[in-house]
Amino acid sequence: MKLGYYPGCSLHATGREYGESTVATLRALEVELREIDDWSCCGATSAHATNHLLSVALPARNLALAEAQGLDEVLAPCAACFSRLATARHEIAADAALAQRVASVLDRPFTNHVAVRNVVDVLRASIPALKAKVMKPLAGMKVACYYGCLLLRPTEIAGFDDPEAPTSMEDVVRATGATPVGWNMRLECCGAALSLARTSSVVRLGRAIVEDARRAGADAIAVACPMCHSNLDFRQSAMTRRGEAEMPVVYLTELVGLALGIDPAELGLGRHFVSTSSLVARAAAPPPAPAPAKVPQQGAAKGVA
Amino acid sequence: MSRIGVFVCHCGENIGRTVDAARVARELSTLPGVAHSEDYKYMCSDPGQALIKNAIAEKKLTGVVVAACSPHMHEKTFRRACSSAGLNPFLCEMANIREHCSWIHGERERATDKAVDLTRFIVEKVKRNVPLETIRIPVERRALVIGGGIAGIQAALDIADGGREVVLVEKEPSIGGHMSQLSETFPTLDCSQCILTPRMVEVYQHPRIKLLAYSEVDEVSGYIGNFTVKIRRKARSVDENLCNGCGACQKVCIVKKVASEFDAGLGKRTAIYVPFPQAVPNIPVIDRANCAHFKAKAKGLKKDACGKCKEECARGAVDFEQVDTFVTMKVGAIVVATGYQLYSIGKEQPATLKGYGEYGYGTIPDVIDGLQFERLASASGPTGGKILRPSDGKEPKRVVFLQCIGSRDPEKGIEYCSKICCMYVAKHTMLYRHKVHDGEATVFYMDIRAGGKGYEEFVRRAIEEDGARYVRGRVARLVRDGDVVKVYGFDTLSGEPMVIDADLVVLATAMRPQPGIEALAQKLSVSYDGHGFINEAHPKLRPVETNTAGVYIAGACQAPRDIPDAVAMASAAASKILGLFSQEMLEREPTVAKVDAALCAGCFHCERVCPYGAVERREIRDRKGNLLKVVAEVNGGVCQGCGTCQATCPSKAVELQGFTDEQIFAQINALAI
Amino acid sequence: MATPQPESHGEHGRTTLAETLHHLTGLVAARCYQCGKCSAGCPMAAETTLRPHDVMRLVNLDRADRLMADPSIWLCLTCETCTTRCPNGCDPARVMDALRELAMESAPEHIPRPVKAFHAAFLEQIQASGRMFELGLVLRYKLKTGALMQDAASTPALLARGKLKVMPPRIDGVADVRRIFAACGPAKQEVER
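Chains as they are written, first to last, in numbering that gives the first Met the number 0: chain U, 0 to 304; chain F, 0 to 672; chain H, 0 to 192.
The reader is advised that the hints may include incorrect statements.
Stated by the list, open to error - Heads up, incomplete: computed chain F residues facing chain H, CB under 10 Å, no partners named:
no., residue
1, 443
2, 497
3, 498
4, 578
These are calculated hints, taken from the structure and not from any lab test. This one's a predicted model, so the numbers in the text were calculated from it and none came from an experiment. All C-beta atoms, glycine included, are put in the ideal place defined by N, C-alpha and C.
Using the sequences and the hints given, assemble the complete structure.
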């Protein structure tokens, strides 16, 4: 399988380990990624919060580049980039007047036929390959899957899983051998782009998320968005009170990479603010031997009538 | 030779203001074939009608055209007048120069020209009218009621008390419907079964009611006054004639843990069962899907796995070999009273609906619906009338009720309001507070719809006297958090988010028609809307009739209804039917299609296109009995006069009486001059 | 779009806020029946004075003055929870976007300073380098807000983890990006079209 690749700004900087683990993991799953040449910022929240045309034109430029470079599908690991690219595609397809305005602004050919994928959907589609290639099943590891907002909402843009009862991340986690836990905050926003402008909100929202994961007995929170990761990992120290255990926050691709036996350093697991060493150690340990099956012996067992 | 009389009405100012009626009369008088032409202020009045009668007698008129209002208003009036003067009523027609002319135009000259044209149009037709006789068909004066809930029961009793036979068909093992599952009814807090069961018994004992429970309608054919219905009597595996309802079989049944439908899934029943103690008829049914005997048989095991009920029965009534049987009968009218089902919030839904993932898709045990709460509150229910949580059987101290679940939610697929929920939620808060004195009841609502008699007072009582707390806001989500269900709500009136840790949550889910309603409606040839609700003939003036003559509706199969509505509709349908049955013969308008057998080639395109199934086949034989040809024949009792056959026939062999091709072409040509 | 146009209730023929929004987004604000489900699930309901259903109400009452004077629409996280839950498909998230765009033009003085500074800094940085450059973004933000010490301690930690570039990215298409910015212009142009 060959996919176009749109890393987006975060994956080259604050979300660096997401980019590293995505590339390494998908390579191991035999998915070839071709980065879009000369891609530019999708506009993220700031564009769509202030200027509708800009918020459509900036992602459209990247889709047009992908088209020109012969790509049919583009993977955008960052959930915000995914949402912006997919929204631009959807709105341009639905509104002819908007399509015309964007065409004149872009000043390059654009037929809007490139499909946009996200990491969770690609991993879920690769579950058979993943199961076949697991080297270090993450047995006994309890993972709280955190979807955040833009992977699932709005429904007609994201469109690949149920926005109120999704299962795709849990399916992938199960395929690694880890156990997804049931918890209540997996769809609640982390504070998103207010990270700089209103950090107190991010701390309030993030604390509720981390606390709930802790109460559910999770060893780690899995995410698929660099904004969520930054808010929950980079800012976790502000959310944690004295005596409370830290909660490692890992990208889904890092978890999958660990299970595939990829070197943790290659996955960027050393770049986190909350240490991931406990998880790495768990993955390195051999899986516990399966308990011997109890075969009932005729007549010899006690308590049998 | 035509001698048509033309009568132009002023209708006071209604026509006269815009159309020069005198001029219309003058111009029409010059038309060949018109023997009499005059105008008058009010043609429908006695003096007006007298003008027509006199003209018929004096001028020996062969046809009458009244240029006035719509035929819907006064065609009957003028036809009666003609009839009393000795002229066949179908030689009288109206030209609509009011709704079609004076009411929609302003310019007098041009409006009058148009009125002249409209009248000429009809005159040309009437010249070619032939006298027609009203069709009379015999009526089978027995009614079929489909559905044995409160609506069906009421309709059956009213028709039977009116002296006519009724067949009541109910698909469940017992009649009673959802009303039998309720604990108390609003606004009186009457015990539901106490007011219902006497009616159920009355149905069972009524000499003119034949009760076919555990049965379904298989086929319907025919037309008003003359339906033929085939009813499937499903196999109970118990002989009704031998069983005396002692209940011994149920005591010995080894399968005890089947989820009880009557208890809305909250209680258990045996495989051989009677749905509830007051069931009518009080004869058990074997649920073959769960019965050990039948399951073993299905697996092909030679030895009978179980036969305990059969052994125990002192009267030998259990019959494992019983099969479905069929009963065919003729009825003159049908009442559809199939009732409702509740919308479920689960993930599996029909194509047009969505479930509520935000409320857990039905997977949270302490989130239940209204019928389940009724079973908890019922003395005959799975908890003996105590309000207890399904998850751990503890008494909930904080119950939260959510209104409008599914209803008024276009994104989920239901835009309508289910009418009864505001009332039964108020009732539920009262039932709960009466039983759990230190319990807290909170209702999340958008509006309160309490329009019936005593309804508003009832809701106020719940709030002011029984301490129900009403919060205006829809809940965003429900999640299980340890022992409680966290309710994320918002009070829009005070502007505060409101998160409640509830012990029990009750959802007021939408009312929908019963499953299978579309298939039944198609068998009856009645139309239904996108939700499956049967369409009434007119939303204001004909609420219990359908557009299919002879088929009536009552209760929640037509729209969300409460018990008073359902009972009123049932009595209304019964009165319509008793009116229909008051004559031995049914009169129908003769403007129906007729086949000229000499021209008919026997292609039967007409049969294929007829929407009402009115075309039959007739064999034409010679004197020796050899078959010459098979031709089409129209059943005048079924034909609705739509004209589709006339438009389709390649041989011009079938035409509508009163609307032949010749007439229509004559009309068109009249305008072309 | 086949959706019916909201009736004009504006005085003296002035276009109402609901009509403007309909023109910009195709949405019919009158569909909102104030059930509050959006506000019940809004993560910022605890911190805002105007919750999503209040915003819809003020749109329907044509109170642009109250909407623009309140910081609430700028505290919206654009998490789309309200839009996903609304029973009538009102799409409050899109309404918020459109209101912000209008506010940039008509009432920029009411935008809370840090939020305004962040969006401006972000967009300026993209215009400058075509892709995000965190150090540049943070510098611009600090200059606009004077919050010079915020997150200062974490810069070395980020650098040590290789998560901050010290030099801005260079792409050929930066001219392209600048041209797009210029062509998209301020929100006003869209309203007048």
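Against the structure, the hints:
The beta carbon of residue 443/F comes within 9 Å of a beta carbon in chain H, closer than 10 Å, and the hint placing it at the interface holds. Hint status for residue 497/F relative to chain H: holds, with the closest Cβ pair at about 8 Å, below 10 Å. Evaluation of the residue 498/F hint against chain H yields a held restraint, the C-beta minimum of about 9 Å falling below 10 Å. Hint status for residue 578/F: violated, given a least beta-carbon distance of 43 Å to chain H, over 10 Å.
Going through the hint list in order, the structure does not satisfy hint 4, though it satisfies all others.
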